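Enquirer: So the chains spell out like this:
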Amino acid sequence: MSEKRTGGPAIRGQFAGGMAPPQKAKHFKSSARRLLGLLGPQKQLIALVLAFAASSVSLSVAGPDLLGKVTNIVFKGFMGSHPPTANANTAKLASAMHVEAGHGIDFDALAHLLVIIMALYAAASLLMWLQGYILNFVVQRTVRKLRSDVDAKLMRVPLSYFDRQQHGEVLSRVTNDIDNVAMALQQTLSQILVALLTALGVLVMLVVISPLLAVIALVTVPLSVVVTAKIGRRAQKGFVAQWKHVGALNGQIEEAFTGHALVKVFGRRTQVEARFRAKNDELYDAGFRAQFVSSLIMPAIGFLGNLNYVAIAVVGGLRVASGAMLLGSVQAFIQYSRQFSQNLSQLAQVANILQSGVASAERVFELLDEPDQSLDRGAEMPPESPRGEVRFDDVSFRYKPDVPLIEHLSLVASPGQTIAIVGPTGAGKTTLVNLLMRFYDLEGGAIRLDGADIAAMPRRALRAKLGMVLQDTWLFGGTIRDNLRYGNPDATDDELLAAAKATYVDRFVRALPGGYDTMIDEESSNLSAGEKQLITIARAFLADPAILILDEATSSVDTRTEVLVQRAMATLRERRTSFVIAHRLSTIRDADLILVMEHGKLVEQGTHDQLLVAGGAYHHLYHAQFAAPVT
Amino acid sequence: MLFRLLRNHLRPYGKQLAIVVVLQLAGTIASLYLPSINGDIIDGGVATGNTTYVVEMGAIMLAIAAFQIACSIAAVRFGARIAMGYGRDVRDAIFHHVGRLSAREVGKFGAPSLITRTTNDVQQVQMLVLMGMTMLLMAPIMCIGGVVMALREDLALSRLLLVCIPLLAGCIGLIIARMIPKFRAMQPKIDTVNRVLREQITGMRVVRAFVREPSEGDRFEEANVELTDIALRIGKLQALMWPTVLLIFNASTIAVWWFGAHRVEAGSMATGAVTAFIGYLMQILVGVMMTTFMSIMIPRAAVCAERIVEVLDTEPAIAPPAKPVAPAELTGTVELRGVEYRYPGATAPVLADISFTAKPGEITAIIGSTGAGKTTMLELIPRLADPTAGQVLVDGVDVRDREPEELWARIGIVPQRGYLFSGTIASNLRFGNPDATDEQLWHALELAQGKDFVAEMPQGLESPIAQGGTNVSGGQRQRLAIARALLREPAVFLLDDAFSALDLATEARLRQAIAPRLAKSAVIVVAQRVASIRHAHQILVLDAGKLVGKGTHAQLVQTCPTYAEIVTSQTEEQEAAA
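Which chain is which? The protein sequence lines are A and B, in order.
Under this note's numbering, the first sequence is numbered contiguously, ending at residue 631.
Under this note's numbering, the second sequence is numbered contiguously, ending at residue 1209.
Because the hints were derived from the structure by calculation, they are not lab data.
Be aware that a few hints might be false.
To be verified - The list that follows gives simulated cross-link-like pairs (lysine-lysine, BS3-like), each with its CA atoms no further than 25 Å apart:
1. A/43 x B/867
2. B/739 x B/1177
3. A/244 x A/26
4. B/820 x A/153
5. B/867 x B/813
6. A/145 x B/867
7. A/145 x B/820
8. B/1151 x B/990
9. B/1181 x B/1151
10. A/400 x A/601
11. A/230 x A/26
12. B/1177 x B/990
13. A/153 x A/26
14. A/244 x A/230
15. A/145 x B/813
Being a predicted model, the structure only gives us computed values, none of them experimental.
Generate coordinates for the entire structure from the input sequences, incorporating the hints supplied.
Expert: What follows is the structure, encoded as structure tokens:
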């Protein structure tokens, strides 16, 4: 078992009943149809699967009937060589079977028949295997395609999608839901088909063998299906309850273990344990109920099967004794009716899997149906090496239609300048640079690079000219070298080394046992937050963009590393137009232009000295931040 | 491990377990009897034309069937009780045990791992117990009973069992044996797909900023193909399973008829007996199949059991003293004497030779770069960890000699990220002091500079708090955590970088507000910013686990190069503001 250290909600308690988490599709029919549509490209293979399944079923349906004939041959021979004491009953029976006294079992006929049956069964198994083999292929290919489609979709949806959705939720759609779809496809496609065909074929055989007995079977068999479905529904409810209790208990455990030290030092161990016990007991009760109810299904089916068995054996026995029916036919009938009820119960169970599979498919489709980001309007390429003049002309933007964020904002950044953006949280600082990156589309106005409207450029061509260092130090699971090359895959080793040296990365990477080939994993316990931040700076440095965006948050970095980060960022800013979102005002005193934002508006702009003298918002901010602390 | 875990925690259920065994035995024997009666109906009733016999035996069959279902329902009931009770008990045992462990051991496992062990791993073992109660217990009874009954029907024909049973067990076993390693190999592939996706989702901005969509697509596709590949290989084996089983079942039936017919011809067997024999053979084969399938569960459950036992076997490194010493006087003084802390097996200590005294009414500040051992030092005081050398004294008594509950009652602690529990603001604050009145809560909030934002919430003190406190901002969380600790009215107040999410102005107001409340407490503060601590009575400068400076701000600037360096890196701001 692999252990994921994602902390909180990643822990998915496994369902004690082995059932899929209960869920219902909103539009079952259309989603199911669309799910089937996914298999469309593999029509021929699906047709093959269907053909094999149908042939396999028809072959195996013939089995019990032929085995009944075997019984007849043996019984006839037995009666011939061991005639029972004659009475009226046995005479009738004997004449119905054409028993010839003195003639034993006809072994030639028996051998002939058995070989045929064996061949039949062998063929049925072979076909079933082929069917499963091909189906597996079809399903896996479909699922792989679905996964790729979803991943490709993630690359196309506007970034606002990720703002709206919880990351865990998106992740779950791509992983858990697609797995669930795969399971549903694999299990239901062939099972529904096989069970349905078998039930149908068996029903025909039942009626052919004995309409009278078929009536008995048709009473008891649906009864067992009804019972299965009824118990199943109650069990499902029980599992939902159990599921909830598992969730509640897991939450408590998570909390108690995460806050372990606090619980101790605050002397709350007894209370926390008491709360846990209460929840644990609740889960015990709910779990017991769910397990008990669901465990009733098997005995219930078994009992109804036996009931059916006895009824057929008695009635059939009487019919055989009266010569109206052959013994072998009764045997065959019993087998058929058993198959009938088995297949119907299976259909009832498969229906549950299908439900949950379609619900999962629906969630995947919802993601696939998200609108793509707007198409690139123009193909005007940005200048090969931009001078770096950036101009915002009367820009307006809002995330939510009814909440205006940025209104009629204009500014000019001359080539090579450092533009600092300051202001309280939520003022729209990050939004401003997001617009420059074209992560979002403008509501009004235009942003121009060297005089050309960036909306007319292909997004990727534009972004290739811009570099970004975010406060969120995102690195991917790979070597440090690969991460540094992220923005410039073709960089030579010398260039890489130069970038690493200029940004103080080289020093600590050398100290790592693996050097530049050290793997960065999700937890990246081998690197501190500050070191990760330095790597993101080096990454941008190596990409060598014409325009730079720095979101310089360093709250998680210790003071000595922070000095390095500041120096590295300064190196990075040389000879480029830079936008700096500043959190500490001291770092931007030398900026060529300081923009003060409040509530999406530019309330002030100017140099540090100008703004201090002006005594406005900047002045206020500055003094609030550096108010002499008192103890 | 699995066996030990089962034995230890199933012991209380011994009686019920015996009942389940008896019930299953009775039920299985009853169901084993059915084919034999069926054979009797054919041979004694149908073949002789004796209709009364058919009806009589039919009634008996029905009675047996009813008895059998009664047995299995009762068995399922007891079985579910045992399995669920077992799961509950093991969970309880782990939870209780983890409560006794020290922060070190919890850290060693990691909270997420401990959670998985308490939840999923227990569930796996519990599942095995449940299955064991029903299937695993029934399968051997069915097999043995089936064999006995088959032998009774016809000894010579029973030789067929010697072929059929090994054939089935062998074939299924072979398929499963080839499947298990593939399942094992699949898990890392699933993890890779999940990892790549998680990275892409969390880093979408970076991916797009660096125009790496195509190569990210390739990276995902690579993981996707690998996963599909192994899933295909497992699917191939799965497709083989059922047709093989059916083929063996059917071939066995045919063989029984062929050899049975000869026995019938020889007069050693009746036709009904052949039918009965087939019935038994099927039961045996189903039993074999069940056992083989169940055998997949055992290795999995064994791994889980091992992980559970590992926790249960971990002895808490920190145990309450046998003879607790009560301090002569509750002075509130904290003293560290030549303290060293070293992780087990580590060559370099985290803390070495640390000595200082924190007096009540004074503020002692600890500063140093990350990894210098600041947090570890704080943990030694409430005995969340014990030093590997030296002594920690509170109220003049070594903390190892004190009753832990009584020691903790003297301490208020604010952890680094201000962890909160799910509930309400009030329930979180009362975590510090269950008897606090609403007025006291508001007062504590006022001191912690949290009154305004709580008052602004529509539900005030009753506002819900999500697990971990994720629904309030980092700064609010820290202020709530400070209020919570204040409510304990602690003699020793420990703040672990508790102001990091506050702006300087708020921090200053907060420090000013809580100062009178803590006038008689020994306050120990870990901080990153010099501004937070420059007025402390005593500043300890840590570097790589060593105390490199001790004194006031003014003294240290002169005498301690490490401190001076930290100050320089931060004072550009101060000077600029001045």
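Enquirer: Give a verdict on every hint.
Expert: Do the hints match the structure? See the list:
1. For a cut-off of 25 Å, the pair hint linking residue 43 of chain A to residue 867 of chain B stands: about 20 Å separates their Cα positions.
2. Between residue 739 of chain B and residue 1177 of chain B the CA atoms are separated by roughly 24 Å; this keeps the pair inside 25 Å, and the hint holds.
3. Our distance criterion of 25 Å between C-alpha atoms is met by residue 244 of chain A and residue 26 of chain A, whose separation comes to about 21 Å.
4. The hinted pair formed by residue 820 of chain B and residue 153 of chain A meets the criterion: a straight-line CA distance of about 22 Å does not exceed 25 Å.
5. Taking the CA atoms of residue 867 of chain B and residue 813 of chain B, the gap is near 11 Å; set against the 25 Å cutoff, the hint holds.
6. About 19 Å separates the Cα atoms of residue 145 of chain A and residue 867 of chain B, which keeps this hinted pair within 25 Å; it holds.
7. Proposed proximity of residue 145 of chain A and residue 820 of chain B is supported: the alpha carbons are some 17 Å apart, at most 25 Å.
8. For the hint pairing residue 1151 of chain B with residue 990 of chain B, the CA-to-CA distance comes to about 9 Å; that is within 25 Å, so the pair holds.
9. Proximity of residue 1181 of chain B to residue 1151 of chain B is assessed by CA-CA distance (about 22 Å); at most 25 Å being required, the pair is judged to hold.
10. The hinted pair formed by residue 400 of chain A and residue 601 of chain A meets the criterion: a straight-line CA distance of about 17 Å does not exceed 25 Å.
11. Under the criterion of a C-alpha separation no larger than 25 Å, the hint pairing residue 230 of chain A with residue 26 of chain A is consistent with the structure, at around 23 Å.
12. For a cut-off of 25 Å, the pair hint linking residue 1177 of chain B to residue 990 of chain B stands: about 21 Å separates their Cα positions.
13. With a C-alpha separation of about 22 Å, the suggested pairing of residue 153 of chain A with residue 26 of chain A holds against the 25 Å cut-off.
14. For the given pair, residue 244 of chain A sits about 22 Å from residue 230 of chain A by alpha-carbon distance, which is consistent with the 25 Å threshold.
15. Restraint check: the Cα-Cα separation between residue 145 of chain A and residue 813 of chain B comes to about 22 Å, which is no more than 25 Å; the hinted pair holds.
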